[in-house]
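**Student:** Sequence lines, in order, name chains A and B. Per the UniProt record's numbering: the first sequence ends with 511, consecutive numbering throughout. Per the UniProt record's numbering: the second sequence ends with 341, consecutive numbering throughout.
No lab work stands behind these hints, which were simulated from the structure alone. We put the beta carbon where it would ideally sit given N, CA and C, even for glycine. Certain hints may be false.
Under 7 angstroms between C-beta atoms, here's a sample of chain B residues computed to sit facing chain A [unchecked claim]: (1) 107; (2) 207; (3) 224; (4) 226.
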Amino acid sequence: MSLDALLEGDIAGPMASPGTVILRGEGLSKAFGGNQAVDQVSFDLRAGEVHAFVGENGAGKSTLAKLIAGVLNSDEGTLEVDGSPVHFPGPHDAQAAGIAMVHQELSVVSSLSVAENVLFGVEPSRWGWMHRQKMSATARKYLDVVGLHVPPNLSTARLSTAQRQLLEIAHVLALNARIIILDEPTSSLATSDAHHLRELIGALREAGRTVVLVSHDFDEVLDVADRVTCLRDGQWVCTEPAETLDHDKLIRLVTGRDVLVAPREARVHTGEAPVLEVRELTGPGLVHADLVLHPGEILGIGGLVGSGRTELMRILAGDVRPTAGSMMLFGESFAPSAPSAALKRGVSLVPESRKEQGLILHATVLQNIELAALDSLGSGPFFRAGAARMLAAEYVEKLRIKVSSVHAPVNSLSGGNQQKVVLAKVLATQPRVLLLDEPTKGIDVGAKAEILTLMRGLAAQGISVVMVSSVLQELLDSCDRIVVMRGGRTVGDLENVDISEEDLARLAFAG
Amino acid sequence: MTMTEKSELSPASSTRRTRGAARLSSMNLHDFGLLGALLLLVCVYAIIAPNFLTEFNLLNVLRQVSIVAIAAVGMTTVILIAGIDLSVGSTVAFSGTLAALFLTERTEIGVIAVLIAVTIAVLAGAGVGLLNGLIIGLLGVPAFIATLATLTGVRGFALLLTEAKPVSVPVGDYSWLGTGHIGPLPVPVLIMALVFFIGYVLLSRMKIGRRIYAVGGNESAARLSGVRVTRLILFVYIFAGACTGLAGCLASARLSSGQPAGFIGFELDVIAAVVVGGTSLMGGRGRLSGTFFGALLIGVLGNGLTLMDVQTYWKQILTGIVIVVAIVVDGIIRRRGSQAS
Ligand SMILES: Nc1ncnc2c1ncn2[C@@H]1O[C@H](COP(=O)(O)OP(=O)(O)OP(=O)(O)O)[C@@H](O)[C@H]1O
Ligand SMILES: [Mg+2]
Numbered sequence: 001m002s003l004d005a006l007l008e009g010d011i012a013g014p015m016a017s018p019g020t021v022i023l024r025g026e027g028l029s030k031a032f033g034g035n036q037a038v039d040q041v042s043f044d045l046r047a048g049e050v051h052a053f054v055g056e057n058g059a060g061k062s063t064l065a066k067l068i069a070g071v072l073n074s075d076e077g078t079l080e081v082d083g084s085p086v087h088f089p090g091p092h093d094a095q096a097a098g099i100a101m102v103h104q105e106l107s108v109v110s111s112l113s114v115a116e117n118v119l120f121g122v123e124p125s126r127w128g129w130m131h132r133q134k135m136s137a138t139a140r141k142y143l144d145v146v147g148l149h150v151p152p153n154l155s156t157a158r159l160s161t162a163q164r165q166l167l168e169i170a171h172v173l174a175l176n177a178r179i180i181i182l183d184e185p186t187s188s189l190a191t192s193d194a195h196h197l198r199e200l201i202g203a204l205r206e207a208g209r210t211v212v213l214v215s216h217d218f219d220e221v222l223d224v225a226d227r228v229t230c231l232r233d234g235q236w237v238c239t240e241p242a243e244t245l246d247h248d249k250l251i252r253l254v255t256g257r258d259v260l261v262a263p264r265e266a267r268v269h270t271g272e273a274p275v276l277e278v279r280e281l282t283g284p285g286l287v288h289a290d291l292v293l294h295p296g297e298i299l300g301i302g303g304l305v306g307s308g309r310t311e312l313m314r315i316l317a318g319d320v321r322p323t324a325g326s327m328m329l330f331g332e333s334f335a336p337s338a339p340s341a342a343l344k345r346g347v348s349l350v351p352e353s354r355k356e357q358g359l360i361l362h363a364t365v366l367q368n369i370e371l372a373a374l375d376s377l378g379s380g381p382f383f384r385a386g387a388a389r390m391l392a393a394e395y396v397e398k399l400r401i402k403v404s405s406v407h408a409p410v411n412s413l414s415g416g417n418q419q420k421v422v423l424a425k426v427l428a429t430q431p432r433v434l435l436l437d438e439p440t441k442g443i444d445v446g447a448k449a450e451i452l453t454l455m456r457g458l459a460a461q462g463i464s465v466v467m468v469s470s471v472l473q474e475l476l477d478s479c480d481r482i483v484v485m486r487g488g489r490t491v492g493d494l495e496n497v498d499i500s501e502e503d504l505a506r507l508a509f510a511g
Numbered sequence: 001m002t003m004t005e006k007s008e009l010s011p012a013s014s015t016r017r018t019r020g021a022a023r024l025s026s027m028n029l030h031d032f033g034l035l036g037a038l039l040l041l042v043c044v045y046a047i048i049a050p051n052f053l054t055e056f057n058l059l060n061v062l063r064q065v066s067i068v069a070i071a072a073v074g075m076t077t078v079i080l081i082a083g084i085d086l087s088v089g090s091t092v093a094f095s096g097t098l099a100a101l102f103l104t105e106r107t108e109i110g111v112i113a114v115l116i117a118v119t120i121a122v123l124a125g126a127g128v129g130l131l132n133g134l135i136i137g138l139l140g141v142p143a144f145i146a147t148l149a150t151l152t153g154v155r156g157f158a159l160l161l162t163e164a165k166p167v168s169v170p171v172g173d174y175s176w177l178g179t180g181h182i183g184p185l186p187v188p189v190l191i192m193a194l195v196f197f198i199g200y201v202l203l204s205r206m207k208i209g210r211r212i213y214a215v216g217g218n219e220s221a222a223r224l225s226g227v228r229v230t231r232l233i234l235f236v237y238i239f240a241g242a243c244t245g246l247a248g249c250l251a252s253a254r255l256s257s258g259q260p261a262g263f264i265g266f267e268l269d270v271i272a273a274v275v276v277g278g279t280s281l282m283g284g285r286g287r288l289s290g291t292f293f294g295a296l297l298i299g300v301l302g303n304g305l306t307l308m309d310v311q312t313y314w315k316q317i318l319t320g321i322v323i324v325v326a327i328v329v330d331g332i333i334r335r336r337g338s339q340a341s
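Please model the entire structure based on the sequences and the hints provided.
**Tutor:** Here is the structure:
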């Protein structure tokens, strides 16, 4: 089933000829309390273009996207669709005008099946009853288009983060909108899926649809976007045709400075007594894993989504018990019964999904950061609030988390800053082995460089880091050594000297 | 103020400046609301209800409220971890009956005997709590169903103990627990103050309090952050059971008898106090001060109506309305709070 055939159906709203302005925002502003998230922004969207929004974490990209999609209402400013002013009280009204959005924070309904999620709101029905067979068949078409190969009747609760992301994209396709807003759709996708999505976006453009793409991945932006709008501190900075931009220009636009990360020094650690040694480890989703981690080493784990990377990390963090195999930590047997036991031994995990496993969303930044380090905050069973506040303030400063106060609820932070809170929580435990599962998800270029520098600083102090990333280039930039996983096995172990993205990809894919 | 200016402040100083404001705005608003409603109610009753604004009556309200409020301290911790305890009424009956059974044959009841009776009641409550905790934490049965089962089971056990007959206690030091005074203050009120103090220390001054809020907020995030969730669940239900046991002891002291068939539906009064007090049934959000004001509001409401000789049915209807209003107002405050922050 090709995309073209799928998109033949009636789309919501009239179709404009490519290049004409179909949506215009004038002087849009939105404040949360005293925090001006979007400040007098004007822009337009054209038919058949891919329009990228770029900017630092907290720059206001998601907020602007939500204003377009009717999820939020602007304090000031106007929206025009096809030249006439519109007002969207809610997302439904925007959908009726042909505007649909995939949110940065995923919102699939876990209790529904995959098919029900894809067709949520547009379920095929017969005499008012849901038409089950037709539903599966229709859903499957959209699933195929986005490359999510799971049975339509599977429970959504069983999907990984990346699969949920694809599911949401399938859902907006099913809504058949003419303006499709994708807020960081690739931040949790593997390289191959991300490439597939680029093709999909290209196909949507060919079909005359408009795609708004919010992304921190500049290669992706340069590859697919026709125009790029940059925001900084809620204000519009510029809108440029993509062909006039390059990677460095984008960095300068977004951060207002040149981000320089010193080139990685090749460091070889083999020969030193290992910190962590994993032998023939088996467990749920894991067939056979061998791993050696040295003091002060940054070890990357690459591979496709579902290749067992997250499962391995969860076993190391004590979240899941292995069924066989051995683990040694600092020369002693390591078999944590729960995350608390692993934490006590100095092994700390930044989990894959910040919303589900990382954060207590309605709680404050302080309450989140202090949680894992509670044992060190006060004597015996008693808690020292003052010490916790100092700790939180210290990490807010260290990681440059953009927040008005440590008492702000985490769900009022931008996505990237939420991710930094998870990182702060884990670093506050002063781990000896730091496990990072997609740690740079949703983080802007500047912050990525900061985190990379931070990781190197930790490694220089002798802390060992294991980092899972779906972005191969990121592994090559940061790691001393890279282990590749495929089908629940560790299949390659490469010193990061003279290897390329292709080498890693070949290992990850090879049958 | 733009974001840049904000982030240039050192976090420590901005923390200090906004702390007071943040606490006032989001955390205490509900308490203020409750306090306002309470004052309004007191003013109205002062005018229309005979004998309402007398020292005797006000202390009496506090005394009446104290038993519900003591159980509500435990219930607050349970609801904070997104649990529920429906077995409270049965546990009050069971623990009070056990204490009464211990005392009933004695001719003279001294301080030692009273202390032993209190201990028996508290341990009996803690035992039921342990059972609840095991069923929920170890077997993974949802709290609603687990405590529904113990509600029935414990009641049956209490009735079995005495063949459903009340057990009377000779008047003496034991009834002093329920009806006596120290200075001007009724004894149960003082015990309530002590229990609230313990609850406050637990939730706000101890590490376990932070963990209770965390488990209710997001259990898997809490687990990954090193919280031993099963242990915590056990602890919370045992603590709640102990509070309930103490409440049962005071109740039997006040009535000078153990009532194995009494206190049916008592858990709903307790849950109502907690919920009106602003603790979210979804877990992770709530305060003990709210629970106190919630219990007091419901208690004062009923007291005034009784003084005015209004039929008790009206009391039930009004209590229902108060619960709904409290939840709706709380929702509005919360939405405002999350927008403003
Ligand atoms: N519901 C909310 N309540 C309060 N403040 C909010 C809320 N949503 C966003 N903000 C604030 O508005 C600002 C812009 O946030 P926004 O989510 O639009 O950033 P973003 O550009 O999407 O960042 P990121 O790249 O991290 O996703 C941030 O300072 C954020 O803290
Ligand atoms: Mg965003």
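**Student:** Determine for every hint whether it applies to the structure shown.
**Tutor:** Hints, one by one, checked against the model:
no.	hint	verdict
1	107	violated (43 angstroms)
2	207	holds (5 angstroms)
3	224	holds (5 angstroms)
4	226	holds (4 angstroms)
Going down the numbered hints, you'll see the structure goes against just number 1.
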